[in-house]
Amino acid sequence: MARFVAARLLHTVLILFGVSLVAFALIHMIPGNPLDILLPPEAPKSVVDRLRSEFGFDRPLYIQYLSWLGRVLRGNLGTSVFTGREVTHELLRALGNTLVIAVPAAVLGFGLGIALGAAAAFNYGKATDRLISAFVILGLSVPHFWLAIVLVILFAVEWNLLPAEGMGGTGGFPTSWDSLRYLILPVLTLSMIPMGVVGRMVRSTVLEILGNEFPTALRAKGLMPRRIVFHVLKNAAPPTLAVMGLQLGYLLGGSILVETVFNWPGCGQFMNLAIFRRDIPVLQGTVLVLASFFVLINLVVDLVQALIDPRMRR
Amino acid sequence: MADITALQPAATAADAPRGAAGRSYWATVGERLRRDRLTVAVGGVVLAIVALAVFAPWVATHDPLDGSVLRRLQPIGTPGYFLGTDETGRDIWSRLVYGGRLSLFCGMTPVLLATAFGGVLGLVAGIGGRLLNSLVMRVVDVFYAFPSVLLAIAICGVIGAGIANTILSLTVVFIPPIVRVTESLTRQVKSRDFVEAARASAAPMHAIIRHQVVPNVLGGILVYATSLVGISIILSAGLSFLGLGVTPPDPEWGLMLNALRQSIFVSPIVAALPGVAIVVTSLCFNLLADGLRSAMDIKLPT
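Top to bottom, those sequences are chains L and X. When the letters of the first sequence are read in order and numbered with numbering that gives the first Met the number 0, they come out as residues 0 to 313. When the letters of the second sequence are read in order and numbered with numbering that gives the first Met the number 0, they come out as residues 0 to 301.
These are calculated hints, taken from the structure and not from any lab test. A hint or two may mislead.
[Stated by the list, open to error] Mimicking PhoX-like on lysine-lysine, the simulated pairs with C-alpha atoms at most 25 angstroms apart in a straight line are:
#	chain 1	residue 1	chain 2	residue 2
1	X	Lys189	X	Lys298
2	L	Lys44	L	Lys125
3	X	Lys298	L	Lys125
4	L	Lys233	L	Lys220
5	X	Lys298	L	Lys233
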């Protein structure tokens with residue numbers, strides 16, 4: 000186990016290094032000079048040169064990368080070129096707002112997915128299975144930004160039951176029913192894709208396990224059906240966990256479209272604003288932090304998997 | 000060793016399994032597909048959607064760019080505009096069929112490009128030695144560390160809006176998963192007995208790749224790519240929805256959805272229509288991928 004943990008940690012560090020390279024490269028992918036986004040085309044050459052040395056664009060690329068990485072590792076993601084505020088601080092607040100909807104969406108989506116997937120697999124070929132499979136694949140085929148609009152049309156415009164957008168009040172962690180109401184539609188929307196992915200995964204994994212010999216052996220031993228379900232689900236856990244880890248990461252980074260529709264002040268909206276203001280430090284910082292989160296989630300999932308299933312420890 | 004090679008010339012050894020087993024396998028797949036009524040129906044719908052987009056000039060009832068404030072936001076069933084009009088009075092039906100051209104193009108091209116590039120890379124990584132394999136796969140791992148939507152939006156956000164940039168960013172997003180699937184399928188095939196046999200009979204590497212490996216991984220890649228088309232159509236519409244893809248006034252489903260979002264209080268049903276087009280198209284591609292997968296009896300690596 001110790002060797003496995005060490006190998007996984009080393010791998011994670013290497014991946015994080017690669018991620019930082021890609022995030023750093025973003026600023027140099029802008030067509031033309033990175034300073035073009037800051038200065039009007041008629042800016043005098045002296046100003047351009049002064050800013051270039053101030054930002055360090057006149058130094059060799061690897062020096063630029065290393066000094067940027069040094070700053071990032073100390074928790075400084077730079078300042079926004081649009082608002083002049085610290086990226087780290089703003090990003091943490093946005094990330095908090097995103098977690099407020101992403102975590103409940105993950106819990107709801109995973110719960111529904113596991114329940115539906117298992118129900119479909121244990122009723123393989125019956126009407127229940129077909130109904131659930133149809134619902135699950137529909138959940139995967141619906142663009143969530145469209146689902147968000149449809150839910151707003153139904154619950155906010157037509158029936159006037161729930162707020163259409165925003166977080167209500169001061170934002171942050173919801174403390175009253177009134178601010179909790181703002182969560183319902185975004186969470187429902189976001190839970191669809193994890194529900195679909197986990198549902199399909201659980202169904203196919205459980206079917207595969209049911210094809211093994213041990214469930215038959217358990218039945219022959221006279222075990223109650225309820226206990227057999229437990230044993231089968233336990234065996235389906237590792238691959239499902241891997242998928243759930245990926246989905247949690249997607250929820251953090253991929254909620255940008257849903258946050259746009261609901262005008263939710265999370266990291267998706269933060270990044271969207273940065274794109275339209277051409278605020279590269281903000282974009283770079285958001286991408287770097289979200290991707291690192293994603294990598295760390297996957298590390299945790301791998302370790303948990305190895306804990307449950309010794310075969311994973313290779 | 001020498002007389003084994005003499006008995007079994009390389010070319011015949013390499014050709015035999017393909018000639019005998021290959022035809023009957025594809026015949027079985029075709030037979031299974033014909034019997035699967037859902038997949039046949041779904042395939043028909045996909046063809047119909049593609050046909051509507053291709054023959055848009057003949058199917059559309061109006062010019063998709065011709066608007067007038069006099070007939071803004073007409074409801075469904077208006078004479079002459081049976082699906083209503085948008086916020087600048089343009090015919091929704093005509094914009095939907097013309098929009099299909101851009102939406103399908105921006106959705107399918109990245110998958111085609113990524114399948115070509117990713118397929119070759121995955122094949123090389125799967126067949127090549129340890130060094131080559133880890134070189135390719137570690138780079139792929141880095142790109143895997145980015146959630147796909149995030150990566151597509153970040154790339155498009157930096158290089159700017161436009162059709163070409165949408166296709167470029169989505170291609171970058173889809174190459175890593177295709178490389179992974181191809182590499183893992185290739186390694187599975189490589190360890191099979193018939194490849195061992197071909198190698199033992201001194202078949203040259205390129206012949207083994209052409210006759211043993213490629214035909215056996217192609218089905219899996221095809222199924223996987225089909226399942227990506229549904230996602231790609233949603234993602235490219237999402238980029239346009241954010242203003243990072245197709246630029247106005249060109250009709251495209253994601254862009255239409257964003258423009259009509261302002262009108263949900265006036266004509267909610269019309270505002271939801273472009274999304275229906277996206278859902279139907281991506282659902283059909285997903286069901287098609289499922290049908291192909293079970294007909295080919297393929298289990299994809301995850």
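Does the alpha-carbon distance linking Lys298 of chain X and Lys125 of chain L stay inside the 25 angstroms limit?
22 angstroms, holds
Take a quick look at whether Lys298 of chain X and Lys233 of chain L sit within 25 angstroms of each other, Cα to Cα.
Given that 25 angstroms is the threshold and the Cα spacing comes to 22 angstroms, the pair holds.
Decide if the proposed pair is consistent with the structure: Lys189 of chain X and Lys298 of chain X, CA atoms, cutoff 25 angstroms inclusive.
Measuring from Cα to Cα gives roughly 16 angstroms; hence the hint holds.
For the pair supplied as a hint, Lys44 of chain L and Lys125 of chain L, is the alpha-carbon distance within the 25 angstroms limit?
Outside the cut-off at roughly 74 angstroms; violated.
Compare the distance between the alpha carbons of Lys233 of chain L and Lys220 of chain L with 25 angstroms, and conclude whether the hinted pair is satisfied.
18 angstroms, holds
Hint 2 alone, counting from the list given before, is not met by this structure.
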